[in-house]
Structure formats: C-alpha cells, structure tokens
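Asker: Here the structure of chain A is known, so what remains is to put chains B and C in place on it, guided by the hints.
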Amino acid sequence: MSSPSQPPRSELVAKLTRPVARPLAGTYRWVDERLGISDLTHQLLYEAVPRRGAWTYSLGSATLIIIVLQIVTGIFLLWTYVPSTTEAWESLNFIEHHDEFAAIVRGMHLWGAYVLLLVIGLHMIRTFVSGSYKKPRELNWIVGVLLFLLVLGLGITGAMLPWDQAAYWTATVVTHVVDYIPFLGNWIQEILRGGPQMGPETLTRFFAIHIWLLPALLVPLVGLHLILLRRHGEHGSWVNYEGIDTETEAERAARMAAAEYPYPAVPSDPGYAVPMDIDDFFPSQVFKDAIVSFALVVIIFVMAVVVGAPLERAANPAALNYVPTPEWFFLPLDQLLVQFPQAWMIPVGVFVLPGIGTTLLVLVPFLDRSPEREPWRRPEVMVPALFAVLFLVFEALLAVNRLFNL
Amino acid sequence: MADNAQALAKKRISRRRFMILTINGVGAGTGLLIAAPIVGSVLSPLFAKRKTPWVLVADVGQVAVGVPTAYVVNLPTDEGWTVPAVPRTVYVVKLNLNGSVQMLTLSNVCTHMQCDVHWDTNLKQFLCPCHGGLYSITGTNIGGPPPWPLFRYEHKLVGNTLYVRNVLTGA
Amino acid sequence: MSNFPVVAATSPHLVAVPVSTGVATALVALLMLTHIQFAAFQQGGYIILAVTDFIGWKGKDARKDRFSKGLVTALGATFAFGSALAIFAVLILFLGLWSQFFVQLARIMFWPLVVEGVAFVGEIACLYTVYSQWDKLTRVRPLRVGLELLLFVNASIQMLAINVVAAYMLTPRPSNSLALNLLNPTLIPLEVHRFVGNIAFAGAIIALVGGIRILLAKSREGRAYGDWIGHYGLVYAIGFTIAQPLIGWEYAKEVQLHSYAAWYSMMLGGLSVAFLFQVFLLGAIFTVGIFYLWRRIKASGFRAPTLAVCTALSFASWLLIATPSSLAWSYEDVVAANANVPIWQGGLMIPWGEMIPFKLLALITFTGVAIVAVTVYLKHVSKGHLRWGDAGRGQAAALITVAVAVSLMMALMGYIREHSRAPFLVTDKVLINQQQNFNPPNAAGPAMNGPAGLGIIMPWDPHP
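Residue numbers (the numbering used here), protein chains in the order written: chain A, 64 to 469; chain B, 1187 to 1357; chain C, 60 to 523.
It should be emphasised that the hints constitute simulated quantities derived from the structure, not laboratory data.
A quick note: this is a predicted structure, and the numbers were derived from the prediction, not measured.
Among the clues, some could well be false.
Below, computed lysine-lysine pairings styled on DSS-like, alpha-carbon distance capped at 30 Å [as the list claims (entries may be wrong)]:
1) C/K438 / A/K198
2) C/K442 / C/K117
3) C/K117 / A/K198
4) C/K312 / C/K195
5) A/K198 / C/K442
6) C/K488 / B/K1310
7) C/K312 / B/K1310
If we strip away everything but chain A, and leave its shape as in the complex, we get:
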C-alpha cells in the first residue's frame, strides 16, 4: 500500500537525477545563449510544408541521407584502401577475405551508390511530374541537374578505383572517350590519364577526383539546393493547389496574407505562392522522410551483407578474352557507342546526343513556362519526357541483349 505522502513518480525521478540534470541543463543554456542553437533548430524544424502527397516528397531527403552514407562509408574505406596500381587490388582483396566488417562497409558503399542513382532518378521524375521547377524554383532545378551529373561522375570514378579487371577496362574506355573531342581530345586524355597510357598516375588522379574534387563541388551545391528549397518553401504538387481555379480574388489575397513562413514563394504564378493546406515539417514530414530513408538503408545493408561488392581478378592489360561490361547506369551510353560507329559519327553518338539531352534537361524550366501543374494539362512536356525515359530503357535493354549474349 502506497503512502499518500509519497511523491508521484516523475517528481521522484527529477529529484534523483537533479545532480546530473541541473549542470547539463545549465551547460546547454550557456551554449545556446552564445550559439543560438534552439532558435536555429526551431526555425529548421517548424517550417511549413505542404500536407498532401508528402510521402513522395521524402525522396529528396532520402537522396541526402544516402549521400551522407556514401561519404561516411567512403571515409572508412580510406582506412584500408591504397590508391596505387600495385596495392589497390591487394588492399581490397584483403578486405574481401580477411575483414568481414570492412567488406560489409565496402558493400554498403557500392549498393549505396546504386540505390543513390535510383533514388536521384526517382526524385528527378517526381519533381518533373509535379512541376516543382516552375517559377520561382528554376534555379533549384538547375542546381539539381548539376548534382545529378556530379553523382554520375562520382559513380563512374569510384568504379575505376578497385583496379580489378572491371575497373581497369572501365577506366580505359571512359578516359578514351575524351580522345574523340576534336582538336583537344588527345591532350585531355593525357591529362586525365597522366600520360598516353593507363598507369599509376591515372589511378591517383581519379582517386583525387573521386574523394576530393567532386565531393568539394557536390557538398556546396547540396547546401545551395537546400538553401533554395528553404528560401522558396516546398512546392509540393498539384494536389496541394486544388481549388485555386474557383477561389475569388479576395479569398486568394487573404490566403496570401495569412501565409506562414517560408510562404508565399515570390515571384510565383497566381495562386501557387502558398499551398492550400500545410503541415509542420517536424514531425510530419520528418516522420515520412525517416521511414523512407530507413527502408532504403536497410535495403543497402541487406544487399551489402547478402551480395556484397564483387572484386574481379587483378587488372591484366594483356587480357585476351575479358569482356568489359559497363556499369548499369552507363548501359544506354554504351549502346550509343555501338549505334554510332566509325569516324565522325562517334563524337555525334557520344557527345552530341547526350549533350542535347543534358541541355534539354537543364532548360526544362524555360521550355515549360505555363502555370499548369497537373501532368495531364502539360502533355507537350510529359509525352516527350516519357519517350526520353523509354529511349534510355530501350537502349539499356538492347545493351543487355548484346553484352550478355542473349
């Protein structure tokens, strides 16, 4: 039987932990007065975001989480990997056979890369379909395309580092492609390779590009991407703007005036500056982001443990029967190499066509300036985009057909 004079539980806990809790709280207050953490946290977490369709908006944060995963796993791969033509393969072979945990880290790095490319593609498709590149967010889209190209570059330079057969021949083909640039091609190839042929300088150059040059460009651009997102607020998609066709001027003005930070996004098409229905970033959107990111990290972990990262035999430049196979995300380009044979057609297939595609991708916000957000009201954008995606899929399928002797 409890005595009525016994204090309730929380008070008891508070009394017991007071010797530790008071100094900690005091320290936090001291730091916060000088650093302003709680203000910043409040501003970051309690931003208004659109309410509907929020699960699909979690793809962006999933991309960020996987990039962070790549950086962390990459740092810890550095603890063993040596970027030397004689030791690179040996160091990774050691990991694969004598260090199970490092092998899992290496597997997470590889599958993280594959999943990152998939997620960044899905994120691009989502922002494209929802028209999130429209005024005033055009710059954010362009930054996003640059991020995509950087991630592609990181993917292919990373593939060259193990210096096994796959890596060596990938590096050979990729550095040779630049040779087809008119006039300067040969010199650019020598700069990339550190000489006319593949050698130790090739590996060290690509190692530096992979761990320093490209990440040094990537991280500030990620920061810019997030700053722009915060500046204009999340656009959401058309489900967040249902009803703007029927609202009166007065209603719209009232909605704009009552908008919570960071809305209204100006300059904007009429009615689209503020979503109809908003929610708090924390905990609603963060919850969805957390679930999706966690699911993806679990997939990466499982693939790393079950399948792992393959390591072929050490690079052999004198090989006679090895069939170099590109990474899956480069299969469409490889098929273009087959379809544009000989002389001047090779630069057309390798530079002109992908160049046109990339230019169109960058210019999307300027090619589609209508205020419509629903995809079925923008068929002149959706249909060519669908064909472009189908074209990439077809090319990849044809490459698979050719390379795997189907």
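Answerer: Using the frame of chain A, we list chains B and C on its own:
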C-alpha cells in the same frame, strides 16, 4: 597656392579606391601564385619525355603463316614514379604477300574504345567484344564501330628473336 | 516360358490430316493474322484504358470517363472473340492439323505456355470484373485503375511468353539448356518492338473509331466526341510509332547476326518486295498522321507552320523510303561504281548498314520530324486551341487511312516474318513439310526429353 593644392588633390587617387585596387591586385596575384604550379602539374604529363627501350618478346621462328599468335610482352611504360612493366599482348602475324613472307606485330588494343581484341578462330577475324568491332588478319577495320586499323608496334628481328618497343605506328 | 497370355498393344487408328500442307498453311495464316490484330488491340488497349481512366478521374473529365467505359466494352468484346479464335487455333488448327510440330513445340516451350495459360485465366478474372462492375467500381476508382494496370501487366506477360516461343522459332540457340533456349538473341528486340507497336496499334484502332464517328455523326455533340476520340487515338498511334525505326533496325540487326538466311530473304531476296510495301505503309502512317495533326489545328483556326514543314519533310522521306530498287541503285551498283566506301571518303556507304543509305536517312528523318510534330501539336492542345467538333471529312479520312495502314502493316509483318524462315518452321531444326501427321513417339526421343522421361525439362534440371 590653393590652385596647386587643388590640382594635386585631383591627380591623387582616393584612399578607398587605392585600397580596393590593392585588394583586387593581391587577390589576383595570390590566385596566380597558387594556380600556376597546380596547372603546371596537371598538365605536366603532356610534356614529359618518355623512354621506349626495346623489349624481348620471344623466338618467332615457329609461328605459322596465316595464324595470328599472341605473345605477352612486359613493356616499361614510364608513367609516373614506379615505371612498372605493364603486360601487353602483341599479335605476331606472318603473311604471304607478293611471294614473300612478311611479319606484322599488331597491338590488340581496339581502335574504337581501347578494349582487348582477340583473334576469333571461327570467324577468322580479330573481334572486339565491347561493341562488336571486327578486323581482318592484317588488322584492317572491316566491321563495327572501330574507325582505324589495329595499330602496330615498332619491331625488329634479331635472327628469329623478336623485339618490340612501346611506339605505335598508325596511331 | 510364360503361362500368362501376353497382351499385345495394337497401334491406335489415327485419322489422317484431311487437308494438304498448302491449305493447312493458309488456314494458319488466316487465323494468326486475325488473332494478332485482336491480341495487339487487347494489350495496347489495356494501358490506354488505365491511363485514360486515371486522367479522367484526376482531371474530372466526363468525356474521358465516357470513353473509358466504351473502351472497356470494346475490350470485353474483342477478348471474347479473340480468345475463342485462339482456343480454336490451338485445339483444332495446331493439334489437329500441325500435330507433329505443335507437340514438339509444346515439349520445348512447356513453361512459357504454362505461363501463358495462367495469365489467360488472370485476364479473364480481371477483365470481366472490371467490365461487369464498372459502375460499382466508380466509387472505388483507385481499385478500378489498379485492376486495369494489372490487366496491362497480365497482357504484357502473355506477350512475353509468346515472344519467347516466336523468338525461339526464328533464332533458336544451339544449346540444350532450357534457360538459353528461352532467352535467345531476338527475344529482347522482339519484345520491345511488339510492346511499343501494340500501344500504337490500339491507338490507331481508337483513331479509326473516331474517324468513323465523325463521318457518321448526326449531332454536334456526336461529332465533337468522335473528333476527340480520333485525336486521342492518333497521338498514341504516331507517338509510339516514333520509336519503331530504331527498334526495328536493332531487331533486323539481331536477325542478320543469328539467322542470316531469314534476314537476306526479307531485305534483299524473295520477300524484299513485301518489305518494300511494308516501309511504304510506315511512310503512310507517319506522313498522313502528321498531315492530320497539321490540318486539325488549322481546322480550329490556328496556324501551325512547323507542322506544315514536318508534313513536307515526312512526305519527302516517304518518297525516299518507298523507292523500289529498280529506280534506285542497289548494293551491286554501288560496288560496281567503286563507291562502297564511307561517305567521308567520297563513297555512298554509311556505317549503319550496307543498304541504300537514303532509306536509313528517311527513317531517321521520320523519327525526328514526328517527335517535333507531336510536341508542337500537344502544345496547341494544352493551350486549349482545339475545339472539339471542328474536324472535317479530310481529317476523318486521314484517321481512317492511318488505322488501315497500321492494320495492314501488322498483317504484312506477320506474313513476312513467318515466310522469312521458309522452308523452316524452327530455323535449322524443323521443316514446314511433314509437320502435320502425328507419329507416336519413339523410345530415343529428341535431346529435349529431360530426365525422368517426362518429356519436360524442369528449370532445375542439370543441363544435358
């Protein structure tokens, strides 16, 4: 006196402007000092002098006419500091041309994307597995994407012993 | 010496096949050429149904809802007739008239045919549910759209299974491994070719219905509806035909590499005249289709100079591609003139094929021009320039022409495909002749018997 002082003041540059010019100049100078060696080092492979010594391949007296035979030769590539001997394949082809037997030393590097080419005994042609490039027994590009014939190593014969060096003709 | 009477098995009395090989071949041709029209409409129609139902739901478009209902009714009817055709074909035609061939094929392609059968049941379940419960499912729209997507996936699986069979018959791989026989060199190009072509075909049939409705309309409203149907179907038809020149080239390349005799017959030999007519029809589809796009915009009062240029370019490419060799130079002429070197060396060859180069250039022009034309047209559509009901008889005629050309092209492709293999049913393995009468299997069967004597190779069996 006042006129002189005024004229002098007009010719002088203001403090603010002087400071801004100095900042710009120092910034440019610092950038140049940092960039010049970096650019030089990035571009240095273009200007490096490379040695190409003769390397022994094998005794090629027994190579049959019309049968391309692959030999692995360790060519010192003189790239960077380690100067490793990189194993490369040389195809030795003996052909009956105009009554005499001539010998070719073909490099097995595909002229399309530099993948490894091999002699396919069924097709009786050199085949590149990357994109289906085909070359004839003399190395002429006859099918697929390759834009040029197979390159040839500079070679010399001392008796029946073949030597090649890392200089390619036709490149 | 045995005391028991030995019961001797007598050989059963087999009815002789009542028709000659020629008649049996003609029957197969008739049935199959009809079947593919229905099957293609089925597969393409399902995805058009799912997309239209979804867009009609989200965009609250009553016209699209009316169209979806009409389309599902049509699909139900075509499925009923098409499946009856297919069952008749398998039971009477193949088992009855081509028994030797069909039993062999069924033993090699057992698993794909099982998949086909299961998918068939799935299609019945989904299609009749959607059709009969259409109004009830309107309340649960996501479920209805989901079922329609499932129907499309189902139909795609059916097509994949039959493509495995068809690709095997054209380019069988010389291997006893089940996996390698299912995945043979022409499977992926054929799959992509038919996937895209079926959607284009369904769009063309929808355009046909639209064109007929325009001509037969008795009210403004009816005319407007027909106008919209025609436009909608034609965008699918032209849009998905854009990819065909590239895919078709890749498919022909695989046939050339793995079944050279068939390729030669199609491109340079006995079937080349039929193939010439085929590319004539392709040119018709592109040119008349782009012409429709141009004139339809004009009919609603807007100018589209880009589309006029596209029509002209498409027409020029049509003339080029349909040039018979008696009017143009052939490969032999090129060799005789010492011009069989690349264009940049002063010759006439382009690396994409030792063919008459301007035909390939015409194909490339079709693709590029059609992309531009469809994009410009859709821009006019999204700006609301098209008033439904403005379409005239000319546009209706264009829609009908495109649909007829697509249908003819489908039938002709089947004819060319099957005859290119002649005299083989399965290239290098089974001849057309003597495939009809069933012979009881002998003890030493073909290598495909598989262990356990069941005559079926299980996927986990070791490779013989």
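Asker: Assess, step by step, whether the Cα of A/K198 is no farther than 30 Å from the Cα of C/K442, and give holds or violated.
Answerer: 19 Å, holds
Asker: Sort out whether C/K195 lies within 30 Å of C/K312, counting only the CA atoms.
Answerer: 50 Å, violated
Asker: Compare the distance between the alpha carbons of C/K442 and C/K117 with 30 Å, and conclude whether the hinted pair is satisfied.
Answerer: Holds, because 19 Å separates the two Cα atoms, which is no more than 30 Å.
Asker: Quickly compare the C-alpha distance for C/K312 and B/K1310 to 30 Å and report which way the hint goes.
Answerer: 21 Å, holds
Asker: Hinted pair, alpha-carbon criterion (30 Å max): C/K438, A/K198. Please report holds or violated.
Answerer: Roughly 19 Å separates the two Cα atoms, so the pair holds.
Asker: Are the Cα atoms of C/K117 and A/K198 separated by 30 Å or less?
Answerer: 24 Å, holds
Asker: Compare the distance between the alpha carbons of C/K488 and B/K1310 with 30 Å, and conclude whether the hinted pair is satisfied.
Answerer: This hinted pair holds, its Cα atoms lying about 26 Å apart.
Hint violations for this structure: number 4 only, all remaining hints satisfied.
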